[in-house]
Amino acid sequence: MSSPAPKSPEQSEKSKKYDRQLRLWGDHGQKLLENAKVCLINATALGTEILKSLVLPGIGAFTIVDGEKVTEQDIGSNFFLENDSVGLSRAKVATSCLLELNPDVHGDYIDESPEHIMAHTQAFFNNFSVVIATSLPEKILLPLSKQLWEANVPLIVGRKVHPDNENPDLRLEDPWPSLKDHLNNIDILKLDKKERSHVPALAILYYYLEKFKKDHGGIPITQFEKDILRNLIKGGNCFGEEDEDGNTEENFQEAIHYVNTCIGQFKVPPQIQALLDDDRCTNLTQESSSFWVMCAALRELVQNEGSLPVRGSLPDMAADTVNYVALQQLYQKQAQLQAEAIYRRALQIARNLGQAPDTISEQEVKLFCKHASELYVASGSCIADEYQSTAFDISSYLEDPDSLMLYYAIIRGLERFISEFNTNPGQFDDQVEPDVLKLKGIIGKLLAEWGCGQAIRDERIHEICRYGGAELHSVSAMLGGCAAHEIIKLITHQYKPLNNTFIYDAITTNSATFVL
Amino acid sequence: MADAQDPLNKRWDHLRKILERPGPFCHPEFEPSSEILDFIMTSCKILVIGAGGLGCELLKDLALMGFKQIHVIDMDVIELSNLNRQFLFRHKDIGASKAEVAAAFINKRIVGCQVTPHFFCGLDSIVARRWINGMLISLLNYEDSVLDQSSIIPLVDGGTEGFKGNARVILPGLSACIDCTLDLYPPQVTYPLCTIANTPRLPEHCIEYVKVIQWPKENPWGSQLDGDDPQHIGWIYEKSMERALQFNITGLTYRLVQGVVKNIIPAVASTNAVIAALCATEVFKLATSCCVPMNNYMVFNDVDGIYTYTYEAEKKDNCLACSQIPYTIPIKDPSKYKLKDLIELLCESASFQMKNPGLTTVIDGKNKTLYMSTIKSIEERTRENLTKSLLDLGLTDNSEVMVADLTSPSTMVLKLKYLVNDVEME
Chain A
1 MSSPAPKSPE QSEKSKKYDR QLRLWGDHGQ KLLENAKVCL INATALGTEI LKSLVLPGIG
61 AFTIVDGEKV TEQDIGSNFF LENDSVGLSR AKVATSCLLE LNPDVHGDYI DESPEHIMAH
121 TQAFFNNFSV VIATSLPEKI LLPLSKQLWE ANVPLIVGRK VHPDNENPDL RLEDPWPSLK
181 DHLNNIDILK LDKKERSHVP ALAILYYYLE KFKKDHGGIP ITQFEKDILR NLIKGGNCFG
241 EEDEDGNTEE NFQEAIHYVN TCIGQFKVPP QIQALLDDDR CTNLTQESSS FWVMCAALRE
301 LVQNEGSLPV RGSLPDMAAD TVNYVALQQL YQKQAQLQAE AIYRRALQIA RNLGQAPDTI
361 SEQEVKLFCK HASELYVASG SCIADEYQST AFDISSYLED PDSLMLYYAI IRGLERFISE
421 FNTNPGQFDD QVEPDVLKLK GIIGKLLAEW GCGQAIRDER IHEICRYGGA ELHSVSAMLG
481 GCAAHEIIKL ITHQYKPLNN TFIYDAITTN SATFVL
Chain B
1 MADAQDPLNK RWDHLRKILE RPGPFCHPEF EPSSEILDFI MTSCKILVIG AGGLGCELLK
61 DLALMGFKQI HVIDMDVIEL SNLNRQFLFR HKDIGASKAE VAAAFINKRI VGCQVTPHFF
121 CGLDSIVARR WINGMLISLL NYEDSVLDQS SIIPLVDGGT EGFKGNARVI LPGLSACIDC
181 TLDLYPPQVT YPLCTIANTP RLPEHCIEYV KVIQWPKENP WGSQLDGDDP QHIGWIYEKS
241 MERALQFNIT GLTYRLVQGV VKNIIPAVAS TNAVIAALCA TEVFKLATSC CVPMNNYMVF
301 NDVDGIYTYT YEAEKKDNCL ACSQIPYTIP IKDPSKYKLK DLIELLCESA SFQMKNPGLT
361 TVIDGKNKTL YMSTIKSIEE RTRENLTKSL LDLGLTDNSE VMVADLTSPS TMVLKLKYLV
421 NDVEME
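Protein chains in written order, with our numbering: chain A, 1 to 516; chain B, 1 to 426.
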């Protein structure tokens, strides 16, 4: 009889509170979130909506930089400003309302404009994990983005990715010795009816794959060859006799399904190989991050063994417990051995580089290896470079008159308008029509600078002037949620972040992503 | 200081720019006017169903878009695990009614807003949606089979799961309703009983075993399993661990046990914020006609970058809920097809997904109850009908069967179409 079951573990209050999100990014993701500090520049509706979705899940700390005072208009679109706060510091009021959402979070504010901070304590912004800027005029945005870019805030870091619907990692074409021994001992043809209905699909697939290899001199590559393998498996079901409904047994069906998804996959996916050949992996320095050190260790393993470490997990399959668990343990053991080897090697590499011994944890390496086939590095781009670039081929996008890229042109035009006239186009009723012309002129000039032959249709420009800088709360809330989630991805190093510009049109509900 | 209720108050400047100025992309029937803001502030009544993750966000969004006459329904009380996203609630509110606390917060923060809470007994979310859907359809007026469009009450529906979500606009009687697209919500996958009982492989199988087989057998507290009772979960955890150890299965955690027993869906603030905002924008468009509403179903996913896609879900001509005609069910062999087979079809099929249908029909001008499980005496009387064939029950080709179920406030009508034409009738 087994040992007595362990008592139910004590769950901390935090663990209970964050339960629903821990199921998405795990305790390790949560820890990274709690160690992060973000800075919000300008407590606009959009800005506070972004912060809200960071404070609720427990970001470590935030600071709001905003020199403005609360106006009546602000109260109409911003939930985090109290009714009687007109005239008070917007930074102060927003900070206090946001802090109510989560006592675990630290927050403070600076009642100064970002221009002021940039002029006096420029390096201030470099201390944050991520900086969020809303409604920032170009003349501040550009130098700020350059500075943050150079300080590595917030964009270039190595990322790992969550699998969504991945193919199982079975390794049957070239099993490691202990797996091979185990599978070779299972002779499908010698099993009786009951045993055959309980043998795992993996073993079935291996058996017939070996048969195929013997008959054809290699693994199946083309669909035609894979069909042959599938038919071999089908033939093995009931020894070729059909059951009363002509059905194939479940485990044989699974084996047939795996032929498509698990045979002939890349041993090392090209994008992973590119990562391993990246300069940041092959030319390590003392400043190299743990991600690249682990990549270097991984690279050596790949060079020696010709494939990535085994993922270690198996999908469920129709099988009896003993057989399934035995297989599962073989895969887990192999994954563990490989992860340990990479960990030891990574430590050695770090030591040789003169790095401190505790920069890489075993847990980190384990996760890294588990997701080796999905590693992804998100490299952002510097906004200043984008704005100052003239080699920008917007023409091809604008050939399609409905392409959302037109809004990019409009927003860039809008920013210039605000810089030039210190007001939003159409801010006052009698300005709408004259401002349409002014904005049109500005956008035309911008397009000419980009060497773009197309024009933006008048009605689009008219629509923007109609808004007159109005901030519809629901649109801010939608973008706020999107932006907050991207920030969480960057901080927790999980899931693929946006690359790199997202445009959303609330009139049509259409959206698009562009790499700029 | 200007009254916050006054539409002329500067705080509504943002909205007034949209509602009082003409523009090239407005709805063809849109007439810019100060009366529109007045309408949404004083006359337009909105019903928000649920004051949880989506509900809190929606109430905030609607209040800041000018809506004041808002009613909110929720049967739940506040729990600790709500606080990571249901931001109208604080630690001190744990145990109180969600609807009441949410209403109070909004009314305080946005002066002039009048959110009225209703503490209402509800059902699981998909059943509730179908019920409301059916209710709105039953309120439609048809004159000579032509729909009177002024009787349409639009339904804006949103749902989230982890990093995915969807939002849709339903104009009952005109566009696809919830039941038209029921197969978008397939019934939950459950583990086969033989796996759970004989060949468990995953920790989930061990948990299901304890939940479904061991608990009813051992009945440790003499009551139904309550997923919210930590003692119950603790018991399930310990017994599942024993079983897992027995079968050498690893990976069982307390969190997993909770997830399986309570059917927990992971949830985070950002996704709820996005979907609720999408819904609020559509409500605003519908109420003001400032532009054409979404047509009509949008999916959202921010696992990998940010992805959205909007398409037109089609209204089904033979929809059980919103088409005005009975739904035809083809039957291959009515002499062999039993009543219990029909009931099974109604429950298991993705197009019906009923919970506990009660069936009646009319034979020779007289009402006949075929089967109804909800009233004990009737259940006992009609139980024998389950194993009888349709023909034995007197149901001829083209006969109509009336179905009552939790999933709709109205009776649904089925028409039985026999595919074997030369059936001998005695």
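If you're looking for bench data, these hints aren't it; they were derived computationally from the structure.
Keep in mind that the hints are not guaranteed to be accurate.
Capping the alpha-carbon separation at 35 Å, the derived lysine-lysine pairs in DSBU-like fashion look like this [said to hold, decoys possible]:
1) A:Lys92 - B:Lys68
2) A:Lys31 - B:Lys211
3) B:Lys336 - A:Lys14
4) A:Lys16 - B:Lys336
All values derive from a computational prediction rather than experimental measurement.
### Query
Is the hinted pair Lys16 (chain A) and Lys336 (chain B) satisfied, with a Cα-Cα distance of at most 35 Å?
Violated: Lys16 (chain A) and Lys336 (chain B) sit about 53 Å apart, past 35 Å.
### Query
Are the Cα positions of Lys336 (chain B) and Lys14 (chain A) separated by 35 Å at most?
Roughly 58 Å separates the two Cα atoms, so the pair is violated.
### Message
For Lys31 (chain A) and Lys211 (chain B), compute the direct alpha-carbon distance and say whether it is at most 35 Å.
### Response
32 Å, holds
#### Entry: Pair hint outcome, Lys92 (chain A) versus Lys68 (chain B) [Cα-Cα no greater than 35 Å]
Since the Cα atoms of Lys92 (chain A) and Lys68 (chain B) sit roughly 28 Å apart, the hinted pair holds (cutoff 35 Å).
Violated hints for the displayed structure, listed by number in ascending order: 3 and 4.
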